[in-house]
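Protein chains: 2
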Amino acid sequence: MAGNGIVLFGHGARDPEWAGPMKRVAARIAERSPQTPVQVAFMEFLSPTLDEAVDTLVAAGCTELTVVPVFLAQGGHLKRDVPLLVETAAERHPQARLRLVTAAGEADGVVEAIADYALGLA
Amino acid sequence: MAGNGIVLFGHGARDPEWAGPMKRVAARIAERSPQTPVQVAFMEFLSPTLDEAVDTLVAAGCTELTVVPVFLAQGGHLKRDVPLLVETAAERHPQARLRLVTAAGEADGVVEAIADYALGLA
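Line order of the protein sequences matches chains L and G.
Quick note on numbering: numbering that gives the first Met the number 0 labels position 18 of the first sequence as 17, and the sequence is numbered without any gaps.
Quick note on numbering: numbering that gives the first Met the number 0 labels position 10 of the second sequence as 9, and the sequence is numbered without any gaps.
Hints in this document: simulated from the structure, not taken from any laboratory.
Just so it is clear, the structure is predicted and the values come from calculations on it, not from any experiment.
A couple of the hints might just be wrong.
Since the list can't tell identical chains apart, any single copy or any two copies may satisfy a pair.
[As the list claims (entries may be wrong)] With a straight-line cut-off of 20 Å between C-alpha atoms, the simulated DMTMM-like cross-links for lysine to aspartate or glutamate are:
#1 K78 / E16
#2 K78 / D14
#3 K78 / E105
Work out the full structure, taking the sequences as your base and the hints as a guide.
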C-alpha cells in the first residue's frame with residue numbers, strides 16, 4: 000500500500016535544465032523516504048503535467064497526495080491557477096485526496112537555506 | 000567601511016506579496032550578519048531594479064557586491080538576461096566589483112530544505 004505520495008509542482012521553463020533542482024529534490028525525498036512515491040510535474044513548457052503525475056501516483060496506489068508547489072512565493076499562480084489545476088486533477092480521481100500546500104519558498108527552512116547560501120558567498 | 004554587500008535578485012511578479020520570502024531572506028541576513036549590507040532587487044514588476052539596489056549599496060560604501068539570484072534554477076533568465084543586467088550595473092560603478100553567483104535553488108542546502116518541507120507535510 001503506497002498510501003501517501005508527493006507531487007513536486009513547478010512553474011516550468013523553456014530550458015529543460017531548469018528542472019534539475021526539482022529532480023534533485025525528488026531524488027532526496029526518494030532516498031530519505033523510499034516508501035513515499037514522488038513525482039515532479041510542471042505548469043508549462045516541461046512534462047509531465049500535474050494530471051499526468053497524479054495519474055502515475057494514483058496508479059501506484061496512492062490515496063493521499065500532497066501537491067507541493069516548488070515556487071518561491073505565494074504569487075498569482077498559487078492564488079489562482081494552481082488551485083484550479085489541483086481541483087481538476089482531484090475530480091478525475093474521486094478515490095484519492097489531493098491537498099495543495101503553501102509554496103516551498105515560504106517555508107522557514109527554505110528562507111534560512113537561501114540566507115545560508117548568500118552569506119556563504121558574500 | 001561596508002566592504003561586501005549582497006543583492007538578492009529575483010524575477011518579480013505582479014503580486015507584491017510575491018516579494019515576501021525574499022524580504023524575509025534579507026531580514027535573516029541582516030540579523031545574522033549586521034555588517035553586511037543587503038538589498039532585494041527585481042527583474043520585472045517590482046522595485047527596486049538591480050541598478051537601483053546596486054546604487055544603494057555602492058552609496059553605502061560597498062566595493063564588493065555579490066548578486067545572488069533568488070531563482071529556483073539556472074534557466075534562460077540566468078543564462079542570458081541576468082548576466083547582461085549585472086554587466087550594465089557594473090559598468091556604471093567601475094570602482095565596485097559585482098559578482099553573479101549561481102541560482103539559490105541550485106544550492107544543496109536549498110534542495111535539502113525543500114525536501115525537508117515536502118517530507119514534513121506528506
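The hints, checked one at a time:
no.: 1; hint: K78 / E16; result: between (26 Å within a copy, 11 Å between copies)
no.: 2; hint: K78 / D14; result: between (25 Å within a copy, 10 Å between copies)
no.: 3; hint: K78 / E105; result: within (14 Å within a copy, 25 Å between copies)
Figure legend: structure checked against the earlier numbered hints; every hint is met.
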